[in-house]
Amino acid sequence: MILAQHGPSGSRDEDWTLSTDVAALDAAEPGDLVVCRAWKYDGQAHYAVPGTYLGSDAHGHWVMQPAGSFVSRPGYSFFARWSTLLLIPRQGLWLASFHPRGPKDGVDWFTYVDVSAAIRADAVRAASSNEDDTIPYAGKQSFEVNSFDMDLDVVDSRSRGVFVDDEDEFEEHRELFRYPPAVAAAMTEAAAVVARAMREDTPPFDDPSETVAHWWAAGHTKETP
1 MILAQHGPSG SRDEDWTLST DVAALDAAEP GDLVVCRAWK YDGQAHYAVP GTYLGSDAHG
61 HWVMQPAGSF VSRPGYSFFA RWSTLLLIPR QGLWLASFHP RGPKDGVDWF TYVDVSAAIR
121 ADAVRAASSN EDDTIPYAGK QSFEVNSFDM DLDVVDSRSR GVFVDDEDEF EEHRELFRYP
181 PAVAAAMTEA AAVVARAMRE DTPPFDDPSE TVAHWWAAGH TKETP
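For the sequence shown, position 36 (counting from the first letter as 1) is numbered 36 according to full-length UniProt numbering, and the numbering increases by one without interruption.
Treat the hints as calculated values from the structure; they're not laboratory data.
Mixed in with the good hints there might be a few duds.
Pairwise CB distance ranges, derived in the manner of DEER restraints [stated by the list, open to error]:
id, residue 1, residue 2, range
1, Ala218, Asp42, 33 to 39 Å
2, Lys140, Asp108, 32 to 38 Å
3, Arg178, Lys140, 37 to 43 Å
4, Ser157, Gly68, 22 to 28 Å
5, Arg125, Ala213, 30 to 36 Å
Think of the CB as a built atom: it goes at the ideal place given N, C-alpha and C, for glycine as much as any other residue.
When you get a sec, could you build the whole thing from the sequences and use the hints?
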C-alpha cells in the first residue's frame with residue numbers, strides 16, 4: 001500500500017508526491033485486470049474501481065471500466081451504470097475518465113479528470129488459473145494503480161462546457177490535510193493545464209477525439225467482468 005510505505009502526510013517527500021511512476025503497466029497485456037485505488041492525502045481510502053487493460057499509446061495506458069463494475073468507497077458502493085474509459089498518463093498529475101458523447105447516455109459530462117498525486121502502478125500476484133475459462137481474469141496477471149485524489153476535477157460537460165470543479169473542497173483540504181505549498185501549487189497548475197488542453201482541443205482532450213473513439217472501440221471488443 002503506498003501510504004504505509006511513505007508515511008503520514010506531514011512527513012511525505014514532496015518529490016515523491018509530485019512524481020508519476022506507472023512503468024509497471026508496460027508489462028500489461030490487453031485483457032489484464034487493473035484495479036484503480038484512490039486515497040485522500042491524509043491516508044483515508046477514497047474509492048476502488050476494477051477495469052480491463054486495453055493497451056497504450058503516446059498519451060498513456062488505457063483501461064476500460066465496464067458498466068456493471070463494482071465501485072467501492074468507505075460507507076458506499078454501487079455497480080456502475082455506465083462504462084468509463086480511463087487514461088493513465090505516463091507523466092502527469094491527473095487521471096482522465098471519458099464517457100460516450102451520445103445524447104442519451106444519462107450523464108452530463110463527456111470528460112472528467114481527477115487531479116491526482118503520487119500515481120503509482122504495481123504488478124500484483126497473478127490470479128490463479130482455473131479450468132473454467134469463463135471466470136474473468138483467471139490465470140492472467142493483474143495490476144494496481146494507486147494515487148492521491150487531490151480534490152480538483154476538470155470537467156467537459158454538456159451543460160457548462162469546460163470548468164474546474166471542487167475548488168472549495170481543495171481549499172478546505174489544503175488546510176485540513178496540510179498540503180505543502182509546492183504540492184498545492186502543482187495541483188492548481190495541473191488543473192489549469194488540463195482545462196487549457198480541453199479548451200484548445202489538444203489530444204486526447206479534443207472534441208471529437210479520434211484517439212478516444214479508437215480506444216472505445218477497442219474496449220467494446222474485450223470481455224467484461
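Evaluated hints:
{"no.": "1", "hint": "Ala218 with Asp42: 33 to 39 Å", "verdict": "holds, 37 Å"}
{"no.": "2", "hint": "Lys140 with Asp108: 32 to 38 Å", "verdict": "holds, 35 Å"}
{"no.": "3", "hint": "Arg178 with Lys140: 37 to 43 Å", "verdict": "holds, 40 Å"}
{"no.": "4", "hint": "Ser157 with Gly68: 22 to 28 Å", "verdict": "holds, 24 Å"}
{"no.": "5", "hint": "Arg125 with Ala213: 30 to 36 Å", "verdict": "holds, 35 Å"}
The structure fails none of the hints (numbered hints given earlier).
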